[in-house]
Amino acid sequence: MASTGIIMAIAITLGTTLILALVGLPFLLGALRGRQLLASGLPREAEIEYMGDTGVTVNGQPMVSFGLVVRRPEGAAYRVTHRQTLPRIPMGLIVPGALVPVRVDPQHADRVHIDWAAWRPAYPGA
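Quick note, our numbering runs 2 ahead of the 1-based positions in the sequence shown.
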């Protein structure tokens, strides 16, 4: 009888662990891809075309869906949709029309990551 209780406890623990891993894995992979892009991606500038709330919060920061127009050095531009957390400090300044630094995957131009550490606000008339 006691062995049945232990087996049930182990099964519940393993099931819970599996569920938590499946839920958290996409966030972990996204964070790792973002760090990799920040380290090795091509620096570009992007204009925020639109923003949408995803309803997800990660470490107290809202996850936002960004519509970006990424500019290539030769002047050509292309659109991408990107999901990333928005830090609280620049929250009121990040609006459609704002320019943000991004890092672009050299092999997949649609994979971008906003470089919040390199972001500086643009002031009107500056």
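It is possible that some hints are incorrect.
Just the calculated beta-carbon pair ranges, DEER-fashion [unchecked claim]: (1) Gln38 x Pro123: 45 to 53 Å; (2) Leu101 x Pro64: 16 to 24 Å; (3) Ile9 x Met65: 32 to 40 Å; (4) Leu101 x Leu22: 34 to 42 Å; (5) Gly7 x Ala119: 46 to 54 Å.
Source of the hints: derived by calculation from the structure; they are not laboratory data. No experiment lies behind these values; they were computed from the predicted model shown. C-beta: ideal position from N, C-alpha, C; glycine also.
Checklist entry - Okay, which hints does this one fail, numbers in order? => result Failing hint: just 1.
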